[in-house]
Amino acid sequence: MGREFGEVILDLQSVSLAFGGVKALTDISFNVREHEIRAIIGPNGAGKSSMLNVINGVYRPQQGEIILRGQHFTRMNPYKAARAGISRTFQNIALFKGMSVIDNLMTGRNLKIRSNLLQQAFWWGPARREELAHRAKVEEVIDFLEIQHIRKTPVGRLPYGLQKRVDLGRALAMEPSILLLDEPMAGMNVEEKQDMCRFILDVNDQFGTTIVLIEHDMGVVMDVSDRVVVLDYGRKIGDGVPDEVRANPEVVSAYLGASH
Amino acid sequence: MLYRENGQFRTSYAADQQIFPIAQDRWAILAIVVFAFVGVPLLVDEYLFRAILIPFLILSLAAIGVNILVGYCGQITLGAGAFMAVGAYAAYNFHIRLDGLPLLVSFLLGGCTAAAVGIFFGIPSLRVRGLYLAVATLAAQFFTDWVFLRVPWFTNNASSGSVSVANLQILSWQIETPTDKYLLCLTILVVFALLAKNMTRCAIGRQWMAIRDMDVAAEVIGIRPLFAKLSAFAVSSFFVGTAGALWGFVHLASWEPAAFSVDRSFQLLFMVIIGGLGSIMGSFFGAAFIVILPIMLNQFLPAIGRVFGISISTAGVSHAELIIFGVLIIFFLIKEPHGIARMWSTGKEKLRLWPFPH
Ligand SMILES: Nc1ncnc2c1ncn2[C@@H]1O[C@H](COP(=O)(O)OP(=O)(O)O)[C@@H](O)[C@H]1O
Ligand SMILES: [Mg+2]
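These protein sequence lines map, in sequence, to chains D and Z.
Take 1 as the starting number for the first sequence in this note's numbering and just add one per residue.
Take 1 as the starting number for the second sequence in this note's numbering and just add one per residue.
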């Protein structure tokens, strides 16, 4: 592909995760390099979403370590992950349904807010200025995602495809250095998928954001990703550039062969 | 064709982020506030002040507090009455124990004490939600009932927990007549409502709503549930506590713990459900509704009964009141969880398009 990547910024080492007797992840190691688009694929229930949940601390693995920019975490939590510049979208959209599109995106700015509760209550200078500055930043995201026409709409009223886009917008509003996307194109029509693909590539390209992408559509995965991890029943069965993965017989039989 | 936003282009984010971005709304609110300060005192008699307006203002303040917690942050509470009691008795103790403490400072310290107690009883919210949290906040209610009845220190050794205050004064303003009391409550309410509105349109308000709507996503975005929930309990209890102080000092002048019973907690919860969860304006609607409905029923139900040749007793009226509340609560919970406030804004939206429905 001829693209240049930086150092490994996210390294997972021997991660195992179980829910009671169900082993969601078994001894998984892989890394993510700065600036790349790293795909995770695998059949339903393979443990892909669990993997993302481990990375940003929603799930605590029983074993293993996460090394983020050289810093070791055995216990990640969502807040630490957010502070470290990791943001994400969700497989089942997890927007704030009662809030407008703008407010949803503004929540993405939360970690950058400096004014305190009293200043906000009095709409005091710093709070007001900050509110305006973040609004301007959020408007940039809105323009980028071409959702100007719905900025005031409560997200609960939006169609599914647009909700997915707002979900991405909220993650982008954080100005993340690592973006985790959990099936951002699931349930979309062809046109919406193309738009979403374009946004993902643009984010990666324009902002240099590292992206970890879970996707079912093999065409998309092979097109956009730089390297691919393949999971099956919570085990890693393949890892490499798309062509390598495609040629791996184990992957073919487990996943591409559509045996289950 | 008067209610229009045509031609009012908002050319900056600042203009767009105003509390009332539409000019007509701004003027209407300003007119209402001016009328409330200037017109009402000229027009209204003593009975109306005592029976309706003062309770309405104070309960609106408390309802805003409950709405912050229940409507904005999604944490159920049945302890509002308790936090009113804490506000009232704390303000009372500051008032009588610290000589020369300005009255307003006593009120605010009452609110702060309620905030502290609110934070304490909010701690379970970090672990449990829904019914379990309701029970935990109900514990606050029983706890305060007991404390103010049984620990004589809090009531300055008065028997049965009954206390009274007299000669209220702010600087050189003697608060004696119902008009004085009304103006005092109105001023405090206007300021507090503005503070609440500001908070709910700022970062802290978005944190509360994010926790309400989807707590996992909120955490992932860097919102700490601990801070968001406990700050909602604190701010809410501060409002409710200040309202409690006003209720005791200004409305009742002498009171006992029964004034802040669990009935009050339920009443406040009903107000925000009927008025509109997650709406400052809704808190006013709800308070107005619940204060006025019983009085209306008292006036009109017997009269209507006479028309049909039925005599309706006082007990009958109060039963009817309970039935009507029950039906309304069920109606709003099922049909319109955003209450009267949502009906109001839908109505306005229709008005904006009127006479062309599409
Ligand atoms: N919160 C949870 N509680 C119990 N089991 C879970 C939970 N999350 C995931 N699992 C289980 O872990 C396995 C992997 O799930 P998941 O990561 O969602 O797969 P994928 O995203 O690849 O479809 C499944 O067997 C699923 O049932
Ligand atoms: Mg999944």
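One should not assume that every hint holds.
[Claimed, not checked] Partial pick of chain Z residues on the chain D-facing surface, computed with a CB cut under 7 Å:
(1) I19
(2) I22
(3) R26
(4) N198
(5) A203
(6) E219
[As the list claims (entries may be wrong)] Computed cross-link-like contacts, BS3-like style, restricted to lysine-lysine with a CA-CA straight-line distance of at most 25 Å:
(7) D/K193 <-> D/K97
(8) Z/K335 <-> Z/K350
(9) D/K97 <-> Z/K348
(10) D/K152 <-> D/K137
(11) Z/K348 <-> Z/K197
(12) D/K97 <-> D/K112
(13) D/K152 <-> Z/K348
(14) D/K152 <-> D/K193
(15) D/K97 <-> Z/K197
(16) Z/K335 <-> D/K152
(17) D/K137 <-> Z/K197
(18) Z/K335 <-> D/K97
(19) Z/K348 <-> D/K137
(20) D/K23 <-> D/K97
(21) D/K137 <-> D/K97
(22) Z/K350 <-> D/K97
(23) D/K152 <-> D/K112
(24) D/K112 <-> Z/K335
(25) Z/K348 <-> D/K112
Because the hints were derived from the structure by calculation, they are not lab data.
Even for Gly, the Cβ is constructed at its ideal location relative to N, Cα and C.
**Request:** Compare the distance between the alpha carbons of Z/K348 and D/K112 with 25 Å, and conclude whether the hinted pair is satisfied.
**Result:** violated, 36 Å
Distance restraint between D/K97 and D/K112, which requires alpha-carbon spacing of 25 Å or less: holds, 23 Å
* Under 7 Å, Cβ to Cβ, is where Z/A203 needs to be relative to chain D, so tell me if that hint holds or is violated. => holds, 4 Å
Pair hint D/K137 and Z/K197, alpha-carbon separation not exceeding 25 Å: Roughly 23 Å between the alpha carbons, so the hint for D/K137 and Z/K197 holds.
TODO: Answer holds if the nearest beta-carbon of chain D is closer than 7 Å to that of Z/E219; otherwise answer violated.
DONE: Hint holds; Z/E219 Cβ to chain D Cβ min 4 Å, cut 7 Å.
Agreement of D/K152 and D/K112 with the hint, judged by alpha carbon distance not exceeding 25 Å: holds, 22 Å
- Message: The hint names Z/I22 as touching chain D; please verify it with the least Cβ-Cβ distance against 7 Å.
- Response: violated, 13 Å
Quiz item: Does Z/I19 pass the interface check with chain D, least Cβ-Cβ distance below 7 Å?
Solution: With Cβ-Cβ at 9 Å, over 7 Å, it is violated.
Hinted pair Z/K348 and D/K137, Cα distance within 25 Å: Violated - the C-alpha atoms of D/K137 and Z/K348 are around 31 Å apart, more than 25 Å.
Holds or violated: D/K23 with D/K97, Cα cutoff 25 Å?
Distance ~32 Å between D/K23 and D/K97 Cα, so the pair is violated.
Given the hinted pair D/K97 and Z/K348, is their alpha-carbon gap at most 25 Å? Holds: D/K97 and Z/K348 sit about 22 Å apart, inside 25 Å.
Do the alpha carbons of Z/K335 and Z/K350 lie within 25 Å of each other, as the hint requires? Holds, because 19 Å separates the two Cα atoms, which is no more than 25 Å.
The structure does not agree with the numbered hints 1, 2, 3, 19, 20, 24 and 25 stated previously, though it agrees with the rest.
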